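The primary structure of each chain is shown beneath.
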Amino acid sequence: MNRNVLSRRVLVGVATAVALALAGCGGGDEDTPGGGDSSEAAKLSGAVRVDGSSTVAPLSEAAASIYKEEQAGVNVTVGTSGTGGGFEKFCKGETDISDASRPIKDTEKAACEAAGVKYVELIVANDALSVVVSKDNNWADCLTVAELKKIWEPGSKVKNWSEVRSGFPNEPLKLFGAGSDSGTFDYFTAEINGEEGATRADYTASENDNVTVQGVAGSKGGMGYFGFTYYEENADKLKLLKVDGGGGCVEPSVATAQDGTYKPLARPLFIYVSDKAIAQPQVKDFVNFYIENIDEIVTEAKFVPLTAEQKTTLASEFKTLAG
Amino acid sequence: MTATTAERPTVGEHGRALTQRKRRVGDVVFKLALQACLLIGFAFLIWLLAYVLYRGWGRLDSRLWTNMPTSRTSRIDESGVQSAITGTLWVIAFTALFCLPTGILAAIYMEEYADTNKWYNRLLELNIQNLAGVPSIIFGILGLGIIARAFGLGFTVLTAAIVLALLVLPVVIISTREAIRAVPQSIRQASYALGATKWQTVSRQVLPAAVPGIATGAILSLSRAIGEAAPLIVLGAVTFITFNPEGLNSSYTVLPIQIYNSLNRPQAEFQEIAAAAIVLLLGIVIVMNSIAIVIRNRFEKRW
Amino acid sequence: MTSPTSTKVPAAGSNFLRRGRRHPIEGVVQVLLALAAIVSIATTVGIVVALVGPTVEFFREVSIVEFFTGTRWTPTISPRSYGVLPLVVSTLITTLIAIAIAIPLGLGAATYLAEYATARTRRALKPILEILAGIPTVVYGFFALFALNPILQRWWPGDGGPAFQNLLIAGIVMGIMIVPTVASVSEDAMSAVPRSLREGAYALASSPMQVATRVVVPAAISGIVASFVLGISRALGETMIVTIAGGLTSDRIQANPTEGAATMTAFIANIASGDIPVDSLDYRSVFAVGALLFVFTFILNAISIRMVRKFREVYE
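Chains as they are written, first to last, in my numbering: chain A, 1 to 323; chain B, 1 to 303; chain C, 1 to 316.
Because the hints were derived from the structure by calculation, they are not lab data.
Treat the numbers as computed from the prediction; the structure is a model and nothing was measured.
The C-beta atom is built at its ideal place from N, Cα and C for all residues, glycine as well.
Mixed in with the good hints, there may be bad ones.
[Claimed, not checked] Among the chain B residues that face chain A by a calculated CB cut under 7 Å, a handful are:
#, residue
1, T70
2, R72
3, F243
4, N264
5, P266
[What the hints assert, rightly or not] One side only, chain A facing chain C, incomplete, derived with CB under 7 Å:
#, residue
6, P154
7, G179
8, G197
9, A198
10, D202
11, T204
12, A205
13, G215
So that you can see chain A by itself, here it is in the shape it has in the complex (with noise of 0.2 Å):
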């Protein structure tokens, strides 16, 4: 009957089709073996396993992206567990280097130490955490960090710009901010809540800051908070507002994170490195450089890049653990 034999035809044809793209696929990008033979750097091989917050992941995905053009013959792979996470499966080693956008914390420290781990904290860039209002906001310019705990501390019931500051109209105040289990909550309510983790729970929670983003954009009395690259790209539909952290107004750059005058929502983001990983000579050799190509690769993934004083300082900490 035709139509059998139409629709095994069909069947056969897929079949093939999905099996070539499997077999292409799959084989198609065997890399150059290991040892080397060029006349450049020794070509090597193997993998690196990097993982952490999400925040710090685009910087060493730009790493791993330009690293790849040096060395194809290693494959850097990036996750994003969190900033916990990524400890959790660093101190149990398996990753090599962990990304972190706070410190480690002292369980974290303790985790690592029963495991026998050693590790190297590596100051990689800075950000400014940014407050943001929506484009239509014509009033505030810039908040005390006082009124900005007025608005978020655990407890508050200001839910009216007109409550934050006499003279700010009568438009209802609706914030949007990073989930609470994020280094940039973490942050974020340490410096300004002045405990972490402690919040109003009424906001807008949200991991994706883009979510956070059309929240603050589309409505008027909207106030929400992120890292500064994502103000940047979406500077069309917010303002940026200053913060007067006593020394008066600041507003968040490049040059205000690096020298330190935006207080106190300046940052720094991190990555750990274990000595077991460095133990691998293309681990070594991928740190060797993202430490060599910072700028680069922080120029690359846009985040606020390091100054002179902390770039030497990466290079003699990342010495310490490497010899």
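Got chain A; can you put chains B and C on it based on the hints?
This is chains B and C only, laid out in the frame that chain A set:
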């Protein structure tokens, strides 16, 4: 000759009387309501597809599958999702390999061989229904704690395939059971009467008759598996990887995770890539479904 | 009467059939099948094992009374509080909205496909419906947030309107996602109803509507209810849609679907993929909620299995 009066139609006019009977309003409304149900579903699908196509149109080209992802914002236009595509294909192929035979065999056991009066069989039934409702992320936790760590399989394609297979196994079992149940007993009895053994009856009569329902179950379950991000995130599917899986023990990523990751990046072009990747993923789902549909249509029977 | 050595047609009552050509394969097959079924048991055992330890640890520090009666769930925000009711209420609300959409639409679509559509139409339409099931839940989530919600907000009668993230859009989109599950399995069940029943009903001058509602659906009720239960289970356990579109607040019981609130699964997803140090009370709260969810689905399924068994009709 019509018979719209209360007069009893004669036998010869019976047929015509039926066709000319006034269609009750209720019937028409009912049919329209049913059609509306179908149409609402389709309308939603079309809306969603249109939305995704619109958002991803600019990036819906061969770069998606020829290029690996790159995180360099200066080179976004070179970014593709090849590693995610191959990762998805690898993981789904093995998920199907693990869950389909197991699920079908388990369903056969429960329908044909198990004595439902025994407590352990009833427990089994309850167990499977229960598993069908367990949130996917709990399977992720199970996978992380036991399969990846305790069994030592690590964060690899194999672990992902096992976890996803366990996730959709209940769906396969339940729909296969329904398909087997729908095969009339007369078929089985005729087979026994001809001297066939139980297994011969099952394998040569019941199963082929149940293929359409089994195909449906397979479609639904693999479609679900292919779109799952939550358990794999917990399981450590990396979000950034620039090589294709090199074997069952390889690190991997899948399209839903790439999509989720891209949607988290601020640059607008990443959003476009995400939308284009969604269209691609739907394309893969459609191809998979089509294969199963061909099988289903070929074996379809109405009793 | 056949000679003992002949293997042709055996006489009735002869020993031939009773000795039975019991292939060894029959035994092997039974073992294989039982093993396959045991995989599911192993899965449950695995889940229980993975959940029990941390849950017990959790309840050492948090009183069960507080857990079940408290109305503030803030394990990661100071001041910490561990009353699970807000999560439960949100879960129930989204599930109810989802099945209020999925069951009528799914059953209606299934009835149409099984009773009214021609074979060719059915073959064309059913697969299209099944594509809805293949859309990644992440996509549904973002679609609900960025495409559906703005429309709802614009057309909302009167003041107010849904919040940026809310349970309503999460529920609606979940419902649509579940429609193919309900429709496909119901439709398979209805198609399997023997033609003879339908033809009998038509012969008695029933309309298609009467045939569908009074003959086919009752006959297929086992499969239909199975599809409902599958759908409800899926709604209870859905994670990404509610995380993205439903919201993450859980500081009070939020019964208003136009507001956002975290469901049990959204909470788990949020923490399990986040930054919290793993061996802490906050993280263990994930397991406690997971265990609660597990128990919920267990009870739901025990009830539905009872119901299905009561209604199931067997033909021939």
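Minimum Cβ distance from T204 (chain A) to chain C below 7 Å?
-> It holds, given that the least Cβ distance between T204 (chain A) and chain C is near 5 Å, below 7 Å.
Interface hint status, N264 (chain B) versus chain A (Cβ within 7 Å) = For N264 (chain B), the interface hint holds, since the closest Cβ of chain A sits about 5 Å away, which is under 7 Å.
When the least beta-carbon distance from G179 (chain A) to chain C is tested against 7 Å, hint result | Since chain C brings a Cβ to about 6 Å from G179 (chain A), closer than 7 Å, the hint holds.
Go through the hint on A198 (chain A) and say holds or violated, using the shortest Cβ distance to chain C against 7 Å.
-> 4 Å, holds
May I ask you to test the interface hint for R72 (chain B) with respect to chain A, counting a Cβ-Cβ separation under 7 Å as satisfied?
-> The hint holds - R72 (chain B) has a Cβ within 7 Å of chain A, the shortest such distance being about 4 Å.
Any CB of chain C closer than 7 Å to the CB of D202 (chain A)?
-> 6 Å, holds
With 7 Å as the cut and Cβ atoms as the points, is G215 (chain A) at the interface with chain C?
-> 5 Å, holds
Interface hint outcome for A205 (chain A) [beta carbon to chain C under 7 Å] | 4 Å, holds
Supplied contact hint for P266 (chain B), tested at 7 Å Cβ to chain A = 4 Å, holds
Hint check: 7 Å Cβ-Cβ cutoff, T70 (chain B) to chain A | Where the cut-off is 7 Å and the nearest Cβ of chain A is about 4 Å from T70 (chain B), the hint holds.
Going by Cβ atoms only, is G197 (chain A) closer than 7 Å to chain C?
-> Result: holds, 5 Å to nearest chain C Cβ.
Are F243 (chain B) and chain A close enough, Cβ to Cβ, to be under 7 Å, as the hint says?
-> 5 Å, holds
When the structure is compared with the earlier hints, no violation turns up for any of them.
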